[in-house]
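Peer 1: Protein chains in written order, with the numbering used here: chain L, 1453 to 1683; chain B, 1453 to 1683.
Heads up, a few of these hints could be off.
[What the hints assert, rightly or not] Which chain B residues stay away from chain L? Per the calculated CB distances, all over 10 Å, these:
1) C1489
2) V1512
3) D1521
4) K1578
5) V1642
[As the list claims (entries may be wrong)] Derived BS3-like pairs: lysine-lysine, alpha-carbon spacing no greater than 27 Å straight-line:
6) K1679(B) x K1679(L)
7) K1644(L) x K1675(L)
8) K1647(L) x K1675(B)
9) K1679(L) x K1644(B)
Quick caveat, the hints were computed from the structure, so don't treat them as lab data.
We put the CB at the ideal spot given by N, CA and C, even for glycine.
These are the residues of each chain, in order.
Number of protein chains: 2
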Amino acid sequence: MNLRVVLVEPLYQGNVGSVTRAMKNFGFSDLVLVNPCKLEGEARAMSSHARDVLEGAVHVSSLSQAIEDVSIVIGTSGITGTKFDEHIRVPAYTPRELKERLAGVSGNVAVIFGREDHGFTNDELKMCDMITSIPTSDIYPVMNLSHAVTLILYELSSVEAWENPLADAFDIKLLYEHLDELLENIDYPVHKKEKTSLMLKRIFGRACLLPREVQTLRGIIRKIERKLPDE
Amino acid sequence: MNLRVVLVEPLYQGNVGSVTRAMKNFGFSDLVLVNPCKLEGEARAMSSHARDVLEGAVHVSSLSQAIEDVSIVIGTSGITGTKFDEHIRVPAYTPRELKERLAGVSGNVAVIFGREDHGFTNDELKMCDMITSIPTSDIYPVMNLSHAVTLILYELSSVEAWENPLADAFDIKLLYEHLDELLENIDYPVHKKEKTSLMLKRIFGRACLLPREVQTLRGIIRKIERKLPDE
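Just chain L, same shape as in the assembly:
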């Protein structure tokens, strides 16, 4: 999927710079600006190490130019349907639903963001194939432009999470047996033992132990046992 970010008439250059930074953070670089504000020092400062994205942005004079070669246009809106324009803004997907909906597609996709003060015109909204809306507090739903871009790109980026291989099931079983043995050796009250043994299993179970951690825990138990007096 080629994902393009389109900002429609952004008013503040700091926001444009911040948007480019977020884009580069999530591995995107295709930015189209529709009649943007002047982009000078502050835009460059906020873009930080994403200056290449800022300088590579394509400037156009209308939204239709920006999405000419795009298969799916996704509009972002903080407002999810009023009596008057309901058909324009619904259904509004959450960013997560949007991600699920786009799973498996390939081609040119654009996410478009409106002006900081007035969002989109209805004509612009009508150019969208889908609407996405970030679930926010009713008290203050209006997000900063670059924050909204960050969230959408976070969801749509396919960057994989760093994975920790879990401890081997067999080693975990040995750990639990070892713990039971320890409870035995310290004369843990018989009527509490089963309950406590289960509790330990639940605690370590939901901690999703790593291999090295299981070894360390067993090492601790071994040290304890060696220190205990012989029966």
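Starting from the structure of chain L, add chain B where the hints point.
Peer 2: Relative to chain L, chain B alone:
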């Protein structure tokens, strides 16, 4: 869940303002600032309609003050473990995994964010029960501070059903002290002690211990200690 945002020595007032806006967007207001930069016009401008959150922020002079009454401390880091400090930064959860891990708990939880330039010191990282890291592009992984806050709050704002009260921060602290004492008493190798102590903190930290579980664990340790031979 009472979610607190802690910014450690933020350098740019615009970022602090932006953070308050993101907090209010997602319905949060508990902000603690550790030795922040001066907060003047730019902070207010970026906070926009979240001026109340900015003005309500508590200023403290150390991270330990900021998390005194907190049961679970979550550190955010762009770096997820190097050869040298692996034990400090692992395992690192994605924000989504973090959300799943916190599902169902209630109590005081803090998410802490480091300096824009140098992040956290190792001592600060050691105060964390869990580490979360946002999956970003290898080419430019360093996110803007307020963008990182926005993503974490976005994920945590939809955590469901807070029913299980977390163990009290004070009792958890006693448990860790008790564990350290135990390692001492069993002559755990001195050169491994600090590493192992931190590992235990991470294991129990991410298990989100309930009050009864802390008591049981301490009961086990007491039983072990009673069984150990007198020096």
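Peer 1: Compare the structure with each hint and give your call.
Peer 2: Right, here's what the structure says about each hint:
1. Its beta-carbon lying about 16 Å from the closest one in chain L, C1489(B) satisfies the requirement of being farther than 10 Å from that chain.
2. With a closest Cβ-Cβ approach of about 25 Å to chain L, V1512(B) is found to remain outside the 10 Å limit, as its non-interface label requires.
3. Under the 10 Å C-beta cut-off, the non-interface status given to D1521(B) relative to chain L holds; the minimum distance is some 23 Å.
4. Distance check for K1578(B) against chain L: the nearest CB is about 16 Å away, which clears 10 Å, and the non-interface claim stands.
5. The claim that V1642(B) lies off the interface holds: its Cβ sits roughly 13 Å from the closest Cβ of chain L, which is beyond the 10 Å cut-off.
6. A distance of roughly 9 Å separates the Cα atoms of K1679(B) and K1679(L); the hinted pair therefore holds under the 27 Å criterion.
7. In summary, the hint linking K1644(L) to K1675(L) is supported, as the alpha carbons are separated by about 24 Å, within the 27 Å threshold.
8. A distance of roughly 16 Å separates the Cα atoms of K1647(L) and K1675(B); the hinted pair therefore holds under the 27 Å criterion.
9. Pair hint K1679(L) plus K1644(B) holds up; C-alpha atoms about 18 Å apart against a cutoff of 27 Å.
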